[in-house]
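So that you can map any letter, position 27 of the sequence shown is 144 in our numbering, and since no number is skipped, the others follow by simple counting.
It is worth saying that the hints were derived from the structure and are not from the lab.
The C-beta atom is built at its ideal place from N, Cα and C for all residues, glycine as well.
Any given hint could turn out to be false.
Now the in silico label distances, taken between C-beta atoms and shown as ranges [claimed, not checked]: (1) D345 / T494: 27 to 37 angstroms; (2) S306 / D273: 47 to 57 angstroms; (3) D273 / L386: 50 to 60 angstroms; (4) A244 / P403: 32 to 42 angstroms; (5) A244 / E468: 52 to 62 angstroms; (6) T219 / T158: 25 to 35 angstroms; (7) R385 / R412: 16 to 26 angstroms; (8) K160 / F362: 27 to 37 angstroms; (9) T219 / D173: 40 to 50 angstroms; (10) K360 / A172: 35 to 45 angstroms; (11) T154 / S263: 10 to 20 angstroms.
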Amino acid sequence: MLSEFILYHHLLKVRILLTLILCITPLSSGFAVVATTCATTLKAPVVQLIIPDFADSSFWSNFVTITRMASAQYNIDLRIHFINRTERSRFNYAQKIDHVLTKEKKSDYLVSIFLTHTEQSVVDVAAKHQVKLFSFNSPFSLRVKSVLGNPRENSDFWIGHISPNDILVGYEMADFLLSDNKSNNTPLSLFAINGNRESEVAVLRTKGLMQRINENDAVSLLQILYSDWSYQQARDKMHKMLKRFKSMDLIWSASDVLTLAVLDEINRLSKEDMRQPKIASIDWSPKIVSRLKSREVAVSYGGHVFEGAWLLAMIYDHFNGLDFYSELGDVVSYPLQPITVDNADLILSIEKTKFNFLPLSKCLTPSLKVYSFDAMTLLQDNMSVN
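Taking the hints into account, I'd like the entire structure generated from these sequences.
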């Protein structure tokens with residue numbers, strides 16, 4: 118049960134312990150010195166942020182709004198560049214980033230996802246332009262590790278990575294769906310809809326789903342449907358699925374966009390044709406709130422909308438001499454968190470809340486002992502003062 122997740126965090130703790138030992142032990146040649154003290158005079162870096170989608174996309178529009186807010190508070194010169202989904206591929210993604218960095222006259226940091234099979238080329242572009250790369254959002258999978266090693270291992274320019282634990286959220290979504298059936302051996306049918314097969318996120322979320330299904334004999338997996346993450350393709354494919362499967366007790370959906378497509382197809386049918394299934398989703402998108410309140414969707418997992426604010430805090434401290442590596446290592450993984458009908462309005466409050474992101478930075482908040490990546494606490498703490 119979640120063996121890979123548990124092993125990863127055990128190894129992470131060991132790495133952090135070794136790092137702390139190195140910090141208080143004379144370093145032999147070959148080890149980089151990790152800065153652990155903030156500069157006396159704080160300065161702000163220039164950060165190039167690559168968004169791999171349209172400006173008005175459901176998830177990324179909220180992500181950009183929050184990241185801009187954080188950058189203004191840190192006084193970071195944040196420059197955002199959209200590489201639209203329809204205009205980029207694994208064959209040209211690094212070239213487009215190269216064009217951005219060539220056009221920009223000054224850059225201290227590059228923040229970008231890894232499209233599958235673009236990892237080495239993105240790291241190479243950062244090295245070419247002599248900028249520090251902080252990768253985010255896309256998983257740091259075993260495949261990525263086999264290609265690149267860890268940040269700082271084979272490149273001085275790739276300094277860190279942050280992303281949600283996608284195996285864990287895939288598992289927890291399935292566990293949530295099956296929670297009402299733990300003491301009941303009545304077989305349930307589960308249908309899953311995911312992103313495209315080449316997406317590392319989709320692969321890992323599926324892995325978590327299958328780990329949970331394999332623990333329970335009282336569930337029947339109907340099918341895992343793969344799409345391109347878009348509403349229209351998901352709806353077109355779901356239209357065909359509903360001709361094949363007349364009954365679905367549970368639906369596991371890898372994003373809120375896919376969930377909305379599924380629901381619109383289900384609602385097109387009469388209630389006699391298909392009863393309402395229990396649905397688990399991901400993203401905390403504003404459009405899912407009404408579906409949570411109507412109980413058409415049971416849960417949406419999220420929190421990665423704050424990832425930009427978290428990584429900017431680490432970048433700010435790194436630029437000012439306090440290296441997050443001494444505490445966190447080079448890879449940060451955090452859990453996504455559930456929102457249900459009971460607290461659905463928390464999602465809408467994200468757009469209305471004036472967050473104070475300064476406490477996320479150790480250089481700006483000397484009393485801060487450890488970095489925090491807890492989206493629910495961040496949201497609730499800031500709501501209480503607005």
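Each hint tested on the structure:
1. D345 / T494: 27 to 37 angstroms: At 34 angstroms between Cβs, range holds.
2. S306 / D273: 47 to 57 angstroms: 52 angstroms, holds
3. D273 / L386: 50 to 60 angstroms: 57 angstroms, holds
4. A244 / P403: 32 to 42 angstroms: 39 angstroms, holds
5. A244 / E468: 52 to 62 angstroms: The hinted range 52 to 62 angstroms is violated for A244 and E468, with Cβ atoms some 38 angstroms apart.
6. T219 / T158: 25 to 35 angstroms: Holds: the Cβ-Cβ distance is about 31 angstroms, inside 25 to 35 angstroms.
7. R385 / R412: 16 to 26 angstroms: Since R385 and R412 have Cβ atoms about 19 angstroms apart, the given range 16 to 26 angstroms holds.
8. K160 / F362: 27 to 37 angstroms: 58 angstroms, violated
9. T219 / D173: 40 to 50 angstroms: 27 angstroms, violated
10. K360 / A172: 35 to 45 angstroms: Hint holds: Cβ distance 36 angstroms, inside 35 to 45 angstroms.
11. T154 / S263: 10 to 20 angstroms: Taking Cβ atoms as reference, T154 and S263 lie about 35 angstroms apart, which means the hint is violated.
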